[in-house]
Structure formats: structure tokens, C-alpha cells
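Line by line, the protein sequences give chains A and B. Residues 368 to 764 in my numbering are what the first sequence spells out, letter by letter. Residues 321 to 549 in my numbering are what the second sequence spells out, letter by letter.
The hints are simulated quantities; they were obtained by calculation from the structure and are not laboratory data. Treat the hints with caution; some may be incorrect.
Unchecked claim - Simulated DEER-style distance windows between Cβ atoms:
id: 1; chain 1: A; residue 1: 565; chain 2: B; residue 2: 437; range: 29 to 39 Å
id: 2; chain 1: B; residue 1: 535; chain 2: A; residue 2: 605; range: 52 to 62 Å
id: 3; chain 1: A; residue 1: 426; chain 2: B; residue 2: 520; range: 18 to 28 Å
id: 4; chain 1: A; residue 1: 409; chain 2: B; residue 2: 542; range: 44 to 54 Å
id: 5; chain 1: A; residue 1: 726; chain 2: B; residue 2: 478; range: 37 to 47 Å
id: 6; chain 1: A; residue 1: 576; chain 2: B; residue 2: 478; range: 44 to 54 Å
id: 7; chain 1: B; residue 1: 539; chain 2: A; residue 2: 734; range: 29 to 39 Å
id: 8; chain 1: A; residue 1: 691; chain 2: B; residue 2: 482; range: 16 to 26 Å
id: 9; chain 1: A; residue 1: 576; chain 2: B; residue 2: 433; range: 32 to 42 Å
id: 10; chain 1: A; residue 1: 686; chain 2: B; residue 2: 539; range: 25 to 35 Å
id: 11; chain 1: A; residue 1: 403; chain 2: B; residue 2: 433; range: 44 to 54 Å
id: 12; chain 1: A; residue 1: 425; chain 2: B; residue 2: 413; range: 13 to 23 Å
id: 13; chain 1: B; residue 1: 356; chain 2: A; residue 2: 410; range: 13 to 23 Å
Unchecked claim - Simulated pairs of lysine to aspartate or glutamate, DMTMM-like, Cα-Cα distance not exceeding 20 Å:
id: 14; chain 1: A; residue 1: 545; chain 2: B; residue 2: 468
id: 15; chain 1: A; residue 1: 542; chain 2: B; residue 2: 468
id: 16; chain 1: A; residue 1: 469; chain 2: B; residue 2: 503
id: 17; chain 1: A; residue 1: 545; chain 2: B; residue 2: 502
id: 18; chain 1: A; residue 1: 542; chain 2: B; residue 2: 490
id: 19; chain 1: A; residue 1: 429; chain 2: A; residue 2: 594
id: 20; chain 1: A; residue 1: 691; chain 2: B; residue 2: 468
id: 21; chain 1: A; residue 1: 545; chain 2: B; residue 2: 459
id: 22; chain 1: A; residue 1: 750; chain 2: B; residue 2: 539
id: 23; chain 1: A; residue 1: 542; chain 2: B; residue 2: 459
id: 24; chain 1: B; residue 1: 343; chain 2: A; residue 2: 531
id: 25; chain 1: A; residue 1: 542; chain 2: B; residue 2: 543
id: 26; chain 1: A; residue 1: 754; chain 2: B; residue 2: 468
Quick reminder that beta carbons are idealized off the backbone N, C-alpha and C, glycines included.
Each chain, written out:
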Amino acid sequence: MPIPLTVLENRRDARDDRGPATPPTEDVRERVFELEAKGEWLVQRVPDPWIGVTTKYGRTKKIPVARTWHHKSCGQCGHIPGYSTSIFWLIRKLGLDYNDPKDQTSCTAWNYYASATSNQGAQAAVAMRNFGAAYESGYFPMIHCGTSYGHYKEVREELVHSAELRDEVRRICDKLGKPFVMPEEIVHYSEWVYAMRDEFAKRQVLDLSGIDVTVHPACHYHKLVVEDAIYDPDVYGGQRTAVVSAVVTALGANVKDYSTWFDCCGFGFRHILVQRDFTRSFATLRKIEVMQEEANPDVVLTHDTGCVTTLDQSQFAARAHDRKVGVPVMSEAQFAALAMGAHPYRVAQLHWHNTEYRPLLEKMGIDWRERWREFEDDLERLKGNDKTFLTWEDADA
Amino acid sequence: MALQARYEDVPLETKQHLFDQVKADARFDSYLYGCYECGICVAACPSARFYDFSPRKIAQAAGRQDLPMFYEQLNDDIWNCSQCFSCTRCPRGNNPGGLITIMREVAINNGLSSAKHALEGYGRVVYKIMSTGTQVSPDMLQPNAFPDWGPHVQEISDNLELWRRALPPDTLHTTSTAWEVDDRTLTELYLIWHMTGVLDMIKSVDMGLHMILNDVMEELLDEAGYTAD
């Protein structure tokens, strides 16, 4: 096949035409608005107030403060429910309005990347059905999962560049009675956490100056459609995504560097479900052990479903091989919630995590024995049917 | 057996036919721009560390239209990829992980036995996502499914219903789905699977699963007054 040998030269020329300081890629959002002007779809605007953050090539991205429609994550809600609960708790703590919908499906991208039992049209239709549901609610989509976020950005690119795909998906949305609408920005929850980090710091009740943290940046956050991820000159000189790391710093804990930060966690999508020998090996040998040897962290923080699961659950079997493991893993949302006084079991739900986390809680100044006793009392009340469910009021009692 | 020798008997026309399907995908042109052979993608690739697998060879075989190598990769390599897209570090702008996504779709659409083999044990996950709209559920946390995660999984399994009730968000009091998905939304999802040919893809790799999914979906679609055309 003919290989386009001039691709790099063409890109450089295009960049020279636009000026040396301009980004090397197009701003897909401009195309999104152009398509709206042509009547191809609606664009859901980021509601006011929003916070401007800087992305990889210096563009400004709008992060909504409130009125967010929460596109939940399968793995978070299913297996690490303290992750989702902590995100909601943070929003509630700031007194902000949000929508936790039941008319949301998974993005289905975990399955797509694992088994390929889907296709471009189906994946785009699932995305646009969810975006349509958010639009109908009047709330703006905020995406909890890194893979959903990355995949939806891929879908946006594909829809923008293919009239045929737009036609196919528009027909489906028409049949479903859903509006054909693209959000102005595709926003990951960790971008909201980044944008609100100073608000969290103001409400912080724990001193975290003695806590060392290693950060695992999620692949599908910063490697898929790279120009949309947040970068900050104050975080690793703008050479790595700033989400998570900037939150750790704002909360007064210490970000510790390690050499395999760019490596994935080993999740592998199909591997974590049916081929975990690979997942366990990669997670422990290339991530946890390297972190231990180079940074000796108290905790690993990350911002995606698969990364928390993989890095946390993979450590158990490695103990049988005397590997240097044993570092607790959680999301930065759980960590920030704990810093602000959230209950480690009612809110952060750490009993769903695997690797020993109690020494970390002690170091953070949390009396986990007393908190567990309180949670056991909650469970007794639920068992006795004095209560049907734990409520948000119970969580902060 | 020598490289690619085990597929010598497969006619070149078959290999060409499959390659043409990969090349015809709308994403192909934006995933491949040639190759410097620099190996940056291999250095960044997690699967390359633990398998005989190379994203560089994926890009090269596609670029050269090397049909024997392509066919071997289609059968022996693509399911090793982690789909993390670390390989997009390519200075040329290639996306070997994306090429593999397309190749996997082609493998499924054509019902290759290697694809069926790769998905053995995975059917329950396909059933879960397609029938419930969420990929994993709390009740999947069973010790026989995750023995390598230790006794912790047994503890979760033993306390599952109670621990789910101890979650403050209203949508998370579920055990068979990750969150509560309403029936209308599920019906809409089923319609998407029908209208985009995904059920036909399932049929080509797992007839039994296809029948079960069809039964589940038809009932809800009928109730909602939809016809899947």
C-alpha cells in the first residue's frame, strides 16, 4: 500500500502556517460547533459557572462546577463502590447540584476493548444515547470512568469526521426518540476534582504532610485523544497530566516520582477477566514493586476504575512469591474525601479494597477501629431492618 | 514449526479477503502512517514484556500488506494486546492498538476459531453487558471466579446484599448490576444492538449466547412495542 511519507512534513507545514505556538492538532470542538451551525446536531453547552483549565497543547477547557449528570462506571459501582460514593460525597460537601441517573448505560467500551463484540456504529450510538439522556435532564455529563472518557473522545472524533457514521447514529437516536446532541466538552470526574482541589483543601480536616503518594496516570485518560487531557506547567513541568498529582499537592501530601509512571497498570480489559496471570505480573513487577523500591509510598492514587482494581487486587497473589508488595490503592476522590473527614467505611467503603490500608489510615490520623465499630452498628441496624438503606445523612452522622 | 508455516495451507485469497476488511474500516487510514522501525511502541507496550508480541510488527505487516504475517497476527497475536494505547507514543502517529481493535472486529465477524478460543470463558461478561447495560456486577465477586484475589472475595460474597444496602447513593443498592438501569433505557440499548448488527457478530462466535440474548431482548422489545429493523 502507498505509505504517506510526507505526513510529518505536512503536519509541520500546517503548524508553521498557524504559527509556532499553535497546537499541532485541530481543535475538534470547533468542528463540533460547525456541525451544529449546519444543523447536524445540537451542542450541549457547559453550564455556568465553569472553571477554565489548560489542556496538553495550551487550550482552555471548561469544567462545569455543578449541574452535572453522572455517567457512572461499571467497575467503580460494581466492585469499588466507595469510589463513586466518594465522588458524590465531595459534590454534596460543596453543596452543589448533581444528577445520579438511572437512564444511563455503560459506555460498553470495556467489553469492546476486551472482546471486540461490537462495532463503530454501536459504540457511537451508545455514547449518543447517553449524551441525549443527559441533555434531556438539563444536566451536563461528567464521566467517571477513564475508559468511557477516552472512548467517548474517540467516538466524537469519528462522528465529526464521518457523515456516514453521523447518519447511521442519527437514525438510531431518532428511532429511540433521543435528541442527537454532542456535549461542548467531554469531562472526566478527575478534571472536576482537579478544578475544585483548592475548595477541598479549604475544607480539609487532616494533616497529610507525612503521607507519601505515588500516582498512576490512567492510560485511557491521557493516551487516547491526548490533546484533551489537563496539563499544568507546575506539575512535572507540564510533561505529565496534572490531574491527581495536583490534588495530592493541594492537600499537602507528597507526590513521589517513580520510573515506570508511563506504564499501564496491566488491566488489559480481557486479561483482568480471563487472563489474569499477565495482569498480576505486570501490576506487581512493573508498577507496585518499582514504586516500592524507588518511592516507598504510603498509598497509590489513581483516577480510573481498572487501575484501582488491578493495582489493588493483584497484590494478594504476589505475596505468595515474596514480592515486595503491600501498598494500599484508592482513587484520589476517596483520598480527598478522607482528607475532608469522610467516613472510611460509610463513604470511602474501604472494606471493598483488598490490600491492607489500615496502617495508612492510622498515619492519616483516622481511628479505623472506632470507625469500623460504627459501621458494624450500621450493618446491625440494616440486618434488623431498622433501616432499609444507609443514607447520606447516616454517612455524615 | 517455522514462523507462519502452520497457516501455509490457508489460501492466499482468504488472507487477502480478511486483510481487505481491515483496510476497508473507516479508521484504518488514520491509524497507520508508515513505520520508522524505532521500536518506541514496543518499549511502551506492556504486552510485549510478557508475550511474544510486537506492536511494531502489527504496523509493519499492515503497511507492507504482508498477508502471511497479517494472518498469523490475526490468529496468534491480537488477543495479547492490552488495548492501553501506550503504543500511540509512535513518533509517526501510528496507532497499532487501534489497528488491533479493527483486526479483532474482523476476527469476530468472520468467526475465526482463534477468536472463539480467545473468548472462551468470556461469554458471561458479554451476556452481562449486553443484557443489563453494565459490564460487571457485585455478584460477580465470587471466590471461584477470582481465587487469586484471596479470601477477601469470599468476605464480600458472604456480605454482598448487606454491604450494598450500606451504600448511600440510591442507584447502587443492586447486586446483579453495577447500578440500577431502568427498563426503558435497557430497551433502547437492545434496539442499538439489533440495529447495528452486534447480535449478528455474537452469532458468528457463540450461537448459544446469541440465542439466549435474543430471547431476553425480544421480550422487552415486544413489551415496549419496538420492532428491531
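Checklist entry - What hint numbers does the structure not satisfy? => result As far as the earlier hints go, 1, 3, 4, 5, 6, 7, 8, 9, 10, 13, 14, 15, 18, 21, 22, 23 and 26 are violated by this structure, in ascending order.
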